[in-house]
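Undergrad: Residues per chain are reported as follows:
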Amino acid sequence: MMQEAIQATINELDESLDPLVKEWFYNKFGGYSLSQKFGVLNILHRKNILISAPTGGTKTLTAFLGILSYLVSLAKKNELENKIYCVYISPLKALNNDIGVNLKKPLEEICELAEKKGIKLQEIRVNVRTGDTPTKERVKMAKKSPHIFITTPESLAIVLTTKKFVDYLKSTEYFIIDEIHSLANNKRGVYLSLSIERLEELSMIPPTRIGLSATIAPLEEVAKYLVGFSKIKDKQNKTKFLPRDCVIADIQYLKKMDIKVLSPLPDMINTTSKEISYALYSLIDKLIEEHKTTLIFTNTRSATERVINNLKEMFPKNYENIDEKIGAHHSSLGKELRFSIEQRLREGKLKAVVTSTSLELGIDIGYVDLVILLGSPKAVSRALQRIGRAGHKLHDISKGRIIVLDQDDLVECAVLLKEAEEKHIDKIQIQKNCLDVLSQHILGATIQRIWSIDELFDVIRQSYCFNTLSSEDFYSVISYLSGEYSGLEKRNIYKKIWYDSETRQVGKKGMMARIIYMTNIGTIPDESSSLVVVASPQSRKDEIVGNISETFLERLKKGDVFVLGGSKYQFMYSRGMKTYVNASVSRPPTIPSWGSEMLPLSFDLAIAIQKFRRVLNEMFEKKKDDKEIKEFIEKNIHADQNSVSSIYTYFDEQYCFAKIPHENKILIERYADAEKKYVIFHTLYGRRVNEALSRAIAFAAGGGIIKRDIEIGLNDNGFFLASIRPLQIEKALSLLIENPDSMKNVLIDAIDRTEYFKRRFRHCAVRSLMILRNYKGVSKSAGRQQVGADIMLSGLQKSYNDFPILKETRREILEDAMEVENAIKILKEIKNKKIKVETIDAEFPSPFSLNLITQGYVDLMKMENKVEFLKRMHKKIKDKIKERKNE
Amino acid sequence: MNKIEILPGIELKNKALWLKKEKILVISDLHLGYEEALNQRGIFIPRVIFSKIKKEIIELLKLKPKKIIILGDLKHEFAQISAQEWSDALELINLITKKAKIILIKGNHDTILGPIAKKKGLEILPFYYLDKEKIIFIHGNKITPDKELYSAKIMIIGHEHPAIELREGVKKEKYKCFLLGKWKKTKIVVVPSFLPTLGENILKEKFLSPFLKQTREDVEKFKVFVIQDKKFYDFGTIKEIRTVSK
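Residue numbers (this note's numbering), protein chains in the order written: chain A, 1 to 887; chain B, 888 to 1133.
Calculated from the structure, these hints are not laboratory results.
Hints should not be assumed to be uniformly reliable.
25 Å max Cα-Cα, derived BS3-like pairs, lysine-lysine [to be verified]:
(1) A:Lys866 with A:Lys622
(2) B:Lys1005 with A:Lys875
(3) B:Lys1058 with A:Lys875
(4) A:Lys885 with B:Lys1069
(5) A:Lys882 with B:Lys1061
(6) A:Lys866 with B:Lys1059
(7) B:Lys1069 with A:Lys866
Every beta carbon over 12 Å from chain B, so not counted as near; a handful from chain A, in silico [stated by the list, open to error]:
(8) Lys28
(9) Asn186
(10) Ile205
(11) Lys423
(12) Arg725
(13) Ala789
(14) Val867
Here a beta-carbon is modelled for each residue, glycine too, at the ideal position from N, C-alpha and C.
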């Protein structure tokens, strides 16, 4: 049962806390914070609780206060045992170190206080174990159990397989999952959900579960993720699963926010990129100057670097000793550099820090009085989390400024702001039944001990992420792990576990299992990076200037200019693991457009923007004058004057030139240039829905007699299909609309042979340990992993199309990378006429489609098979050779 | 249509060379045990390659060759002989010897092919030479001082695994290919790898064989023939492909 938390009175709290801890607490803090009033008593009463509060809401101390009180009371009586009482899990090593320090200090103070009073206290041990913990420390921990054990999801999974720790964990009384919002929506969180069920299974006392979260919705869903299910037998002795109880403390909106959207220029169409750039940096510079410490969020790492360089270039005076005043913080920087930035930030020595995502979470960063977001954060929750970093204490006002970079960005951020004010937070999606994660965990479980298969299945189904796991899928994973899929006689090398169908027991296979597991654990895929090389044909000696990620490389088109390490390069071509560039470019960078490309727009926010479009469209249709419309915009979304006039112009032009697509109207625009015919779909549902819609439609449209490749371009606001020949879109669309549920099958066919599928398959194969990143002391690069994955895939697709990891790859693409359910929902709404589809022919792309055409992420739907492509290319090359000879 | 004569009397047949008059079939770089080698490195793939190779060889045996020359790298691993290689190699040799005589040329991966050959009473040759036609068959990983090498008019090598990557916009596909060119005054034919997955893009990778480490200009004159679905495509020279696909 989910229950709202009730505030405890000061009296109740005072009475419940150990007197020594209480005294220490009052000396130090003077009184209880709100989250403490909601949380501490529940924790002392051992109720599962999810606490959602903004940063600075003293969440962590809330979680620990009751536990410290309990441990101190035991320590006084000399009753502390050599076991782990509390496991604390956070996604970040840095956060773990912070917490370690922040717990040891209070403990020392409590000890001092006890000493003064002549009270004898047993030592309360706090230890951190992450991937960075040196072996010496680990050995120490194995000898003497920590009482509070601080760790990451990965390290927790490892200790669950070591005998010593399993002993220590046998009566765990509490566990805390910090920053649960950043785990619940990805495979790391899925992985953790199984670890905590195994911890629960292991522990004789059901541990009290404490979840700490920043702004997130819906809280009930996250609470369910936290507590999972308990297994019961009903009257007929059938196994049933019921959600465990949980108390929810929602302190999300108590922090005051002062957020504004700023446009650097009144008109962003009829200006050069140089002007925009100058206006933008002047604005940033001005904001930095006006504040003590500014935290700037960009959406990508490369943008982070660029901001610093541009500030330096444009305002050399203000940033003369640049390293002392401004710094970058992102995950690809070295550990020491990051630590030094964090340290200087805490000491208030920095004027500004530019970051991508690495400072989103609760690492202590000291006092920040302004947060700037460059470009749309793409989701209300993310905006609030980032801006919440300003004004660290709960009662401070968080000041945030979102600077937009083009019209689409502007409309998006303006609506986002309104949604934030109205407390509409986008819904989190928790991934379910991930078979790759399951494979890894089953191996982990069998390393821990031998299981009865039914018992194992039950423990797995206690996790919220696997409660609906079918027994077919479960057994297919068991079959994979026990080597039944290898098909040929020499299957023993595939075996990671054994399964005896007579005794119905499973166990690990081979001496290597533990080492393989420990060195290959985790769910975050390696991304390959490509060396950036300045080609010099004369000397045949290439100069290497740095590297870029595979995903970034994928977006580059010939001629694009990008910034790396402060210099500009023009992309020429890539070969293998190398990217060839031209170093002498004078053009401004074309890529990335303020980087929001990586983060998909949340579906809920997309719908909100569509609604805004509908209302504005109605006003235009009713011929309201510009003053009235502008007033409406201003009132509706509290934007500055520049923004209001930009939004007005943008919509006005779209209305005059074409039509305004909105909530109830999808606009299809046909347009042709000299080379290709384009069909542009204005489907503002976020790129994940557009991935699904575009690929399904392209596939359905391309399956005719002449199978030619179709180019797909997409962003959050829509997509286009382009081809040399006219495309039969109507037919394809009507097929899908008639039968929206066919979408999944169409997509499965559509993605099956794509590069996209291959890469995702590699990730799943690595997670499920079909490809070992580290084996026999050698680690494989992502490129190597991909080679293996490709061969594996071609074999599997032929012989075992129902192989669990293939199935998982499809699921991951359809449900996580795309939002197939939302896409189906939209098709259904078209079918029942809630959404109209209108087609127009355009001479030029309409204003709303400009960004899409120029910056959309482009992919190819391969229709033409390998032989046909060869035939055509052969003819093309031969013709060209002939042409040249005739010249 | 299903044949192409790249030199007088020398035809391309799928991934093999066919010397029609002599009834000699040439295949190269089978790399048996490739999957197991990947397994050893922690990539657990199902075994499908060998049955594919077998099928293709059975198809080629329909030509009724007298001899089959395997141009080296029958097996994949440098080091010890793996169980899979052992049984696959034996099976393949049995399959072929029923129909034709096998001539095994030593490759750089075949350092300890000995036991297999011995069991089957086969000899492993550093190269094979047709006196009358002056054709030498050699793996191609090193230049030896043998006089046949210098008196040959035609040299047939493997070792390179040549393939060509064709691109159009964002689309790219890779195809195995034969190369035809010259080393000093000898005509040289490079045979692609028989292993389904292997191929190095000649437009990008550097050549490995010392016979092909000539000046860039000379190598660019090599002609490219692509095979796909038993059909052959003459692509002109490397240089021509390079200039027109820019």
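Undergrad: Each hint should be assessed against the structure and marked as holding or not.
TA: Against the structure, the hints:
| no. | hint | verdict |
| --- | --- | --- |
| 1 | A:Lys866 with A:Lys622 | 54 Å, violated |
| 2 | B:Lys1005 with A:Lys875 | 49 Å, violated |
| 3 | B:Lys1058 with A:Lys875 | 17 Å, holds |
| 4 | A:Lys885 with B:Lys1069 | 23 Å, holds |
| 5 | A:Lys882 with B:Lys1061 | 23 Å, holds |
| 6 | A:Lys866 with B:Lys1059 | 10 Å, holds |
| 7 | B:Lys1069 with A:Lys866 | 30 Å, violated |
| 8 | Lys28 | 52 Å, holds |
| 9 | Asn186 | 25 Å, holds |
| 10 | Ile205 | 39 Å, holds |
| 11 | Lys423 | 43 Å, holds |
| 12 | Arg725 | 15 Å, holds |
| 13 | Ala789 | 8 Å, violated |
| 14 | Val867 | 5 Å, violated |
Checked against the numbered hints listed earlier, the structure breaks hints 1, 2, 7, 13 and 14; every other hint is satisfied.
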